[in-house]
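Student: Sequence:
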Amino acid sequence: PISVAAVHSALSLIRDHNLIARAGSDGVAGSAMKTALQRLLACSCVGDVRGLGLLWGIEFVAEKNTKSPFAPTLRFSARVAAAAAGRGVMTYPMQGCIDGELGDHLLLAPPAIITREEIAWAVEELAAAIDETHHEVSHR
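Numbering (my numbering), first residue to last: 1 to 140.
No lab work stands behind these hints: they were computed from the structure.
Some hints here could point you the wrong way.
[What the hints assert, rightly or not] Distance windows between CB atoms, simulated: (1) Lys67 <-> Asp131: 13 to 21 Å; (2) Ile98 <-> Ser44: 16 to 24 Å; (3) Lys67 <-> Asn18: 32 to 40 Å.
Note that CB positions come from ideal geometry on N, CA and C, so glycine has one too.
Go ahead and model the full structure; you've got the sequences and the hints to work with.
Tutor: Below, the structure written as structure tokens:
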């Protein structure tokens with residue numbers, strides 16, 4: 001009975017706050033996320049930004065024109081994730097998305113209750129973390 005009550009309460013909260021629609025691509029948070037993340041395409045080491053709703057990926061490239069990846073030893077996505085965490089933004093760094101070794105990207109998956117203001121702040125901090133990391137790596 002306790003577990004059923006807990007599930008019922010959680011489902012009621014999701015329904016009452018319209019969290020599924022809010023997190024979708026056409027929802028308030030999902031569309032705000034899409035719009036805000038497009039600015040990352042201006043970063044010289046971002047090859048692509050793609051996703052749906054509140055689930056997004058940011059691909060990093062060493063050379064934007066050819067989309068050639070960073071060397072795996074640089075652990076670029078892990079460095080960006082650490083810099084972002086230092087700024088209060090948690091991400092999921094991934095490596096090896098091309099062939100198991102090459103390719104860096106970050107996965108972003110904020111909660112459905114995130115606000116437009118929080119999205120704008122997080123993307124601003126993430127852009128700074130990407131630029132900081134790229135500067136660090138390119139001046140080694």
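Student: Evaluate each hint against the coordinates.
Tutor: For each hint, the structure was consulted:
Our hint of 13 to 21 Å for Lys67 and Asp131 holds, since their Cβ atoms are close to 19 Å apart. In this structure the supplied range 16 to 24 Å holds for Ile98 paired with Ser44, their Cβ-Cβ distance being about 19 Å. A hinted range of 32 to 40 Å holds for the C-beta pair Lys67 and Asn18, which are about 38 Å apart.
Checked against the numbered hints above, the structure breaks none of them.
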